[in-house]
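Asker: In order, the protein sequences belong to chains A and B.
Residue 107 in this note's numbering sits at position 28 of the first sequence, with consecutive numbering throughout.
Residue 1496 in this note's numbering sits at position 97 of the second sequence, with consecutive numbering throughout.
Because the hints were derived from the structure by calculation, they are not lab data.
Don't take every hint at face value.
Simulated crosslink set (DSSO-like; lysine-lysine; CA at most 30 angstroms straight-line) [stated by the list, open to error]: (1) A/LYS140 with B/LYS1477; (2) A/LYS233 with A/LYS189; (3) A/LYS140 with A/LYS113; (4) A/LYS119 with B/LYS1465; (5) A/LYS185 with A/LYS209; (6) B/LYS1477 with A/LYS185; (7) A/LYS113 with B/LYS1477; (8) A/LYS106 with B/LYS1490; (9) A/LYS113 with B/LYS1430; (10) A/LYS233 with A/LYS141; (11) A/LYS113 with B/LYS1454; (12) B/LYS1430 with A/LYS209; (13) B/LYS1462 with A/LYS182; (14) B/LYS1430 with A/LYS106; (15) B/LYS1490 with A/LYS119; (16) B/LYS1477 with A/LYS105; (17) B/LYS1477 with A/LYS184; (18) A/LYS113 with B/LYS1490; (19) A/LYS234 with B/LYS1467.
What follows is each chain in one-letter form.
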Amino acid sequence: MKNKFSKIIIFGFVISFLSIFWLGLKKDNSYNTKDLIGGKITNFQLRSIYNSDLITEENLKKNQFTLINFFASWCAPCRLEHKYLVKLVNQKKNIKILGINFKDKKNNAKTFLNELGDPYYFVAEDTDGKASILFGIYGIPESILIDKELTVIKKIIGPIDQEKLEEIFRLIK
Amino acid sequence: MILRKIIILYFLLFTCLQSKEVKIDLIEIYKNLRCLVCQGQSVADSNSDFASTIKLVVEDQVKEGKTKEEIYDFLISKYGEWIVYQPSLNKNNFLLWFLPYLILVFGGLIIFFIIRKSKHNKAN
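Please model the entire structure based on the sequences and the hints provided.
Answerer: This is the structure in structure tokens:
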């Protein structure tokens, strides 16, 4: 009886360990942003690339929806996504795009916008990249869709394409 | 004159010790932060753009007088729990924290019973 009880305990332990290892193997270990949805964008103050104007979270509360887009003139995927940003502001009036120019030279950014069009209602500078950390950015292009309460609705890592644009359309309908 | 030299020397030494202290704290923090771009490497080990920006932000926050916990909380709020190597205790990972102690106690009990049993057998 005692021997049987010990065997059950050992068997139970083996099964528990194997289950833990199995669950660990199945767990997705790549970084994703799903836990950040529903969070708030707060405490930022950014300067325009054109003048000394500042933008803060208070300004974003005036927009029904805001897409915060990190871009740079040296970033090839940013060039690819740019036409979709232009399309977005041309087709939807309830969204504004805040462009944040990441680790770039002002003149290069201005040339980039002159060449490809300017979909942004405000273009802010982030010369040293520190502002990107405030927004939880880890590479560009990256975009954050927020509502007027500054709640994060969607985080898009990588360039916006037609599929992602349609998803934004659905979210801001 | 000598007094002035001593004061200057004292300030130099004090500044040197203070900067060393900040550096040690910074490295400890960087080692506990995961580089999201080059996974498998800590921010301390990585030379990526992301890691260098994180280092700048952490340095600023240490200068502002924030504690390690405040810095981790800030980064967790921006990137999620994944950014830190040492996870905080919560309902999803409490087993990770307590299982080693449970195993230790359980193992100790097994050893205790085995020894007691062998002693009992010898006595008989």
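Asker: Quick one, are A/LYS113 and B/LYS1477 close enough, alpha carbons at most 30 angstroms?
Answerer: 12 angstroms, holds
Asker: With a cut-off of 30 angstroms on the C-alpha distance, tell me whether B/LYS1490 and A/LYS119 pass.
Answerer: 24 angstroms, holds
Asker: Does A/LYS209 sit within 30 angstroms of B/LYS1430, going by the straight-line distance between their CA atoms?
Answerer: 19 angstroms, holds
Asker: Please work out if B/LYS1462 and A/LYS182 have their alpha carbons no farther apart than 30 angstroms.
Answerer: 23 angstroms, holds
Asker: Measure nothing beyond the straight line between the CA atoms of A/LYS140 and A/LYS113; if it is 30 angstroms or shorter, mark the hint as holding.
Answerer: Judged against 30 angstroms, a Cα distance of about 23 angstroms means the pair holds.
Asker: Hint check: B/LYS1430 vs A/LYS106, CA-CA at most 30 angstroms. Holds or violated?
Answerer: 23 angstroms, holds
Asker: Keeping to a limit of 30 angstroms between CA atoms, is the pair of A/LYS113 and B/LYS1490 held or broken?
Answerer: Cα-Cα ~19 angstroms, so holds.
Asker: Is the Cα-Cα distance between B/LYS1477 and A/LYS185 30 angstroms or less?
Answerer: 27 angstroms, holds
Asker: What's the verdict on A/LYS233 and A/LYS189, does the C-alpha distance respect the 30 angstroms limit or exceed it?
Answerer: 27 angstroms, holds
Asker: Is it true that the CA of A/LYS119 sits at most 30 angstroms from the CA of B/LYS1465?
Answerer: 21 angstroms, holds
Asker: Is it true that the CA of B/LYS1477 sits at most 30 angstroms from the CA of A/LYS105?
Answerer: 25 angstroms, holds
Asker: Hey, A/LYS113 versus B/LYS1454, does the alpha-carbon distance stay inside 30 angstroms?
Answerer: 25 angstroms, holds
Of the hints listed earlier, there is not a single one the structure fails to meet.
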